[in-house]
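Trainee: Going down the list, the protein sequences come from chains F, Y and Z.
Quick note: the first sequence uses this note's numbering, first residue 10, plus one each step.
Quick note: the second sequence uses this note's numbering, first residue 4, plus one each step.
Quick note: the third sequence uses this note's numbering, first residue 470, plus one each step.
Be aware that a few hints might be false.
List of simulated lysine-lysine pairs, PhoX-like, C-alpha gap at most 25 Å [claimed, not checked]:
1) F:73 <-> Y:41
2) F:161 <-> Z:481
3) F:242 <-> Z:481
4) F:146 <-> F:161
5) Y:123 <-> Y:143
6) Z:572 <-> Z:492
7) Z:557 <-> Z:481
8) F:73 <-> F:146
9) F:73 <-> Z:478
10) F:242 <-> Z:557
11) F:73 <-> F:242
12) Y:41 <-> F:242
13) Z:505 <-> Z:572
14) Z:492 <-> F:73
15) Z:572 <-> Y:123
16) Y:143 <-> F:107
17) Y:123 <-> F:73
18) F:161 <-> Y:143
19) Z:572 <-> Z:549
20) F:161 <-> Z:492
21) Y:142 <-> F:73
22) Z:572 <-> Z:478
23) F:73 <-> Y:146
24) Y:41 <-> Y:123
25) F:107 <-> F:73
26) Y:146 <-> Y:41
27) Y:146 <-> Y:123
28) Z:572 <-> F:242
Since the hints were derived computationally from the structure, they do not count as laboratory data.
This structure is a prediction, so every number in the text was calculated from the model and none was measured.
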Amino acid sequence: MKHQYLVTAAAIAMGCALSATAFAGGPVDEQLVIDGEIEMTTRTESVEGHPLDEVISGWHYRTKETRALEADTFENPAMLYVEEGQDIWNTVEGTEGKSCATCHGDASESMAGIGAHYPKWDADSGRPINIELQINKCREENMGAEPYAFDKGGQKPLTAFIKHQSLGQPVSLDLAEGEMQSWWEKGEELYYTRTGQLNLSCATCHENYNGYYIRADHLSQGNANGFPTYRLKQASLVSIHNRFRGCIRDTRAEFPAAFSDELMALEVYVTWRGTGLSVETPAVRQ
Amino acid sequence: MTITRRSMLTLSVGAAIGVVAGMRSGPASATAEDAMAKVMEFAGGTEPATGTITLDAPEIAENGNTVPVSVSVESPMTADDYVESVAIYADGNPSPDVITFNFTPMSGEASATTRMRLAKTQNVIAVAKTSTGQVFMDKKEVKVTIGGCGG
Amino acid sequence: MASVKPRVKVPKSASAGEVITIKTLISHPMESGQRKDGDGNPIPRQIINTFTCEFNGQTVFSCDIEPAVSANPYLEFTAKVGEAGTFKFTWVDDDGSVYTEEKEIALN
């Protein structure tokens, strides 16, 4: 098996061996219900054209302690950041004397379901736009405020707050909009392109080996439905572009800038792969 | 000798074991003694008994930065007989102290939960001291895993 | 995080003598003093070192916290409720800052 051989070689390079035990780290058969109320879709039949039969949220690959953190919005430490995002939502900034709430009012109404459909086509810039860039566009064009630098200022908490308003809503992108289809294709190409000294593509781990161990860790399908995600490792919110960059860096490759064409295309494609999964923002992972 | 990939793997594993063994005989054992010294200091000279206290922590922690830990002590929690405090120690951290929970009869139960940092696989120890001078201890090993890509 | 912010979960009401569960979380980096910055200089310790829960002025539960407690410290404990009243929660930072939060509870 060519793939097996390559992954094993990569694992040796990292000073470790990939476990031969198939699915010992596979997805658990459990239902995620948030606060005993919101029944989440964390496993679903994949969308047409998807290489896998079933899409599975990363929640299923985590230990029971980590899964429990996400199931309770009080115990989920990322909710601290969501609350911070709510404060930012209501804070006036910039020369126009506006806050997000000035135009959009109550986010639980105006933003309900919105985050489940990003990235979207942005005709003005002629490229896809994600929540982070939409916030920056609003800040510059409507608030007269400085755009947030990547992962700085209120970018992560505000993005998490906005996406959290779609908690439980199924991820669904409109690829017919503008040139979304060609960005999807570019993203697909990147997904299958091997990079770095370890010669790994996204697909090597997250398509071919999800459910297997890599060292002591479980490989998930790498879906994007829970971002920004609280990672126990960082004890903080991690944005999707930060995660992409981290993953590419770990293949020992040069990694593209946040919001670059490459990573926007990848966000479109990876988000699409999770079509039908509930938005979990803020998810909790290892 | 020709180094094949297979022999390279054997070499890597051997080297890794050597490194681990080297670490084990180093400062970690001193910390384990240090943790027991802390336990005895907390116990005030009383030899801790087993039972009555239950320490709950995962067998395997996905990340050492955030490990849930709970303690629960059977006690009537009355003014005459209650659990005064429970201390938690970790014997492989730079310092064994983690947290001390102080209860009162108004606590109702002697149970508490927090999240702690574990630098590596090690023992977590919980010691309870009651108002009647009893001391109970429980211990559990928590394995700390390392992320897949070092990332 | 931009600011240190406590969150507390207490039931709105309880029956007399009931033992309730209280959950608290506070946003704080819990800088352990073990880390070094990019230049190799130690980053000074700054943690929440003490937490206290009082009910109508009497201590219910407290703890002494060390750097081994995770960032955004989480605490869950119980309280026996004998009367209606106010829970007061206090977190003390190494830098001397004190953060407080209060919650009312009614009797059923």
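Trainee: Run every hint past the structure and note whether it holds.
Mentor: Going down the list of hints, with the structure as the test:
A hinted pair counts as satisfied when its Cα atoms are at most 25 Å apart, and residue 73 of chain F with residue 41 of chain Y does not qualify at roughly 31 Å. With a C-alpha separation of about 37 Å, the suggested pairing of residue 161 of chain F with residue 481 of chain Z is violated against the 25 Å cut-off. Between residue 242 of chain F and residue 481 of chain Z, the direct Cα distance comes to roughly 34 Å. Violation of the 25 Å bound is thereby established for this hinted pair. Between residue 146 of chain F and residue 161 of chain F the CA atoms are separated by roughly 15 Å; this keeps the pair inside 25 Å, and the hint holds.
Proposed proximity of residue 123 of chain Y and residue 143 of chain Y is supported: the alpha carbons are some 14 Å apart, at most 25 Å. At roughly 12 Å between alpha-carbon atoms, residue 572 of chain Z and residue 492 of chain Z fall within 25 Å of each other, so this suggested pair holds. At most 25 Å may separate the alpha-carbon atoms for a hinted pair to count; residue 557 of chain Z and residue 481 of chain Z meet this at roughly 14 Å. Taking the CA atoms of residue 73 of chain F and residue 146 of chain F, the gap is near 40 Å; set against the 25 Å cutoff, the hint is violated.
The hinted pair formed by residue 73 of chain F and residue 478 of chain Z meets the criterion: a straight-line CA distance of about 22 Å does not exceed 25 Å. Using a Cα cut-off of 25 Å, the hinted pair residue 242 of chain F and residue 557 of chain Z is violated, with the two alpha carbons roughly 32 Å apart. Restraint check: the Cα-Cα separation between residue 73 of chain F and residue 242 of chain F comes to about 17 Å, which is no more than 25 Å; the hinted pair holds. At roughly 28 Å between alpha-carbon atoms, residue 41 of chain Y and residue 242 of chain F are farther apart than 25 Å, so this suggested pair is violated.
About 39 Å separates the Cα atoms of residue 505 of chain Z and residue 572 of chain Z, which puts this hinted pair outside 25 Å; it is violated. The suggested pairing of residue 492 of chain Z with residue 73 of chain F holds, with an alpha-carbon distance near 19 Å, which does not exceed 25 Å. For the proposed pair residue 572 of chain Z and residue 123 of chain Y, the alpha carbon gap of about 38 Å is over 25 Å, so the pair is violated. For a cut-off of 25 Å, the pair hint linking residue 143 of chain Y to residue 107 of chain F is broken: about 54 Å separates their Cα positions.
Restraint check: the Cα-Cα separation between residue 123 of chain Y and residue 73 of chain F comes to about 20 Å, which is no more than 25 Å; the hinted pair holds. Of the supplied pair hints, the one linking residue 161 of chain F and residue 143 of chain Y is violated, its CA atoms being roughly 40 Å apart against a limit of 25 Å. Pair hint residue 572 of chain Z plus residue 549 of chain Z holds up; C-alpha atoms about 15 Å apart against a cutoff of 25 Å. Proximity of residue 161 of chain F to residue 492 of chain Z is assessed by CA-CA distance (about 30 Å); at most 25 Å being required, the pair is judged violated.
For the hint linking residue 142 of chain Y to residue 73 of chain F, the alpha-carbon distance of about 21 Å falls within 25 Å, and the restraint holds. Among the hinted pairs, residue 572 of chain Z with residue 478 of chain Z is consistent with the structure: their alpha-carbon atoms are about 9 Å apart, no more than 25 Å. Taken as a hint, the residue 73 of chain F and residue 146 of chain Y pair is honoured in the structure, with Cα atoms around 15 Å apart against an allowance of 25 Å. Our distance criterion of 25 Å between C-alpha atoms is met by residue 41 of chain Y and residue 123 of chain Y, whose separation comes to about 20 Å.
A hinted pair counts as satisfied when its Cα atoms are at most 25 Å apart, and residue 107 of chain F with residue 73 of chain F does not qualify at roughly 43 Å. With a C-alpha separation of about 22 Å, the suggested pair residue 146 of chain Y and residue 41 of chain Y falls inside the 25 Å cut-off, and the hint holds. For the hint linking residue 146 of chain Y to residue 123 of chain Y, the alpha-carbon distance of about 7 Å falls within 25 Å, and the restraint holds. For the hint linking residue 572 of chain Z to residue 242 of chain F, the alpha-carbon distance of about 32 Å lies beyond 25 Å, and the restraint is violated.
In summary, the numbered hints that this structure violates are 1, 2, 3, 8, 10, 12, 13, 15, 16, 18, 20, 25 and 28.
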